[in-house]
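Enquirer: Produce the complete structure using the sequences and hints provided.
Numbering (mature numbering (1 follows the signal peptide of the UniProt record, and there is no 0)), first residue to last: -19 to -1, 1 to 262.
Don't take every hint at face value.
[To be verified] Within a straight-line C-alpha distance of at most 20 Å, the following computed DMTMM-like cross-link-like pairs (lysine to aspartate or glutamate) qualify: (1) Lys5 with Asp127; (2) Lys5 with Glu83; (3) Lys5 with Asp167; (4) Lys5 with Glu72; (5) Lys5 with Glu84; (6) Lys5 with Asp81; (7) Lys5 with Glu253.
Simulated from the structure, these hints should not be mistaken for laboratory data. In this text, all values refer to a predicted model and were calculated from it rather than measured experimentally.
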Amino acid sequence: MYLLALFPVLFHLTIPILASAPFKSLVTFGDSYTDTVLTGDGGTAWPVYAASYANLSLYPYARSGATCSNVITPMPWASIMEYELPLYFLETHNGSVVLDPEETLYTEWIGTNDLGVDSIFTGSNAGSVVDVVGCIVDWVRVLYADGARYFMVQNMIPLDLTLVLSGNALVRMELQALAGSGELPDAHIGLFDSHGLFQDMYQNPGAYLNGTAPLNVTVPVSSCAYEEDGTLACTVAEGTDKDSFLWQDELHPSEQADRVVAREIALVATGEGSDWATWFS
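Expert: The structure is reproduced here in structure tokens:
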């Protein structure tokens, strides 16, 4: 109850501060929402679009299936703490990747696999929402210790999971607390409200979706259902029809939705600012 009582105060103190921009490099961490190779949207991932829109050099470390840490939520796939960050450190320390911390924006979009099916949501491991949020915020600390200074954490999209709401609230609270604590001098910490953006896309699809089929925010691009005889029937939208859909499948945003995410992140990177992004420091 005490934590919940703090939320209105924290929200009230939030001020949309613009960090140093424009940036020249974008470094991304996360899961299939951000993976540029095994893309979840069936096309081009949002970091590729964002880099193009804002003329950024892209350094993508996100991996499909990732959690924040396999210590908290054991999975057979790569995680940010045990794979993505070590790979980043390997490449930056051996000189194969050279970045200016004052010109580099770091993003993290994680949590869906951590809190979803076969994980905390179904009680499949001993981790908690608090553990996952702590890991998400520790990503800032770990990169800061290595010289990074500009961080944008993307919260979780609406997937009808109660844990997503509590997780997003805790992420916001902990990021604000970290930003105001003085623990990380000269760090610039921001939050990108993916949850709010996707809610707005769901409620106002005409402002975001532009395909040639009727706009659809409930049925995905690739949709399968069992018929009465037990056979599995699938329909897949093709061509420009795909841009009328909010979802690629039951879990992943569509490519058009990802273009919207990319556009907003690009606005952050160029210094124009996004309605969905807030800098806490």
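Enquirer: Are the hints correct? Go through all of them and say.
Expert: Checked hints:
This hinted pair checks out: Lys5 and Asp127 have alpha carbons roughly 19 Å apart, not beyond 20 Å. Of the pairs offered as hints, the one joining Lys5 and Glu83 holds, with about 9 Å between alpha carbons and a cut-off of 20 Å not exceeded. Among the hinted pairs, Lys5 with Asp167 is consistent with the structure: their alpha-carbon atoms are about 19 Å apart, no more than 20 Å. Annotation: proposed proximity of Lys5 to Glu72 holds, straight-line Cα distance about 18 Å (limit 20 Å).
Distance check on the hinted pair: Lys5 and Glu84 sit about 5 Å apart at the alpha-carbon level, within 20 Å; holds. About 9 Å separates the Cα atoms of Lys5 and Asp81, which keeps this hinted pair within 20 Å; it holds. A C-alpha spacing of about 14 Å is found between Lys5 and Glu253, which places the hinted pair at or below 20 Å, so the restraint holds.
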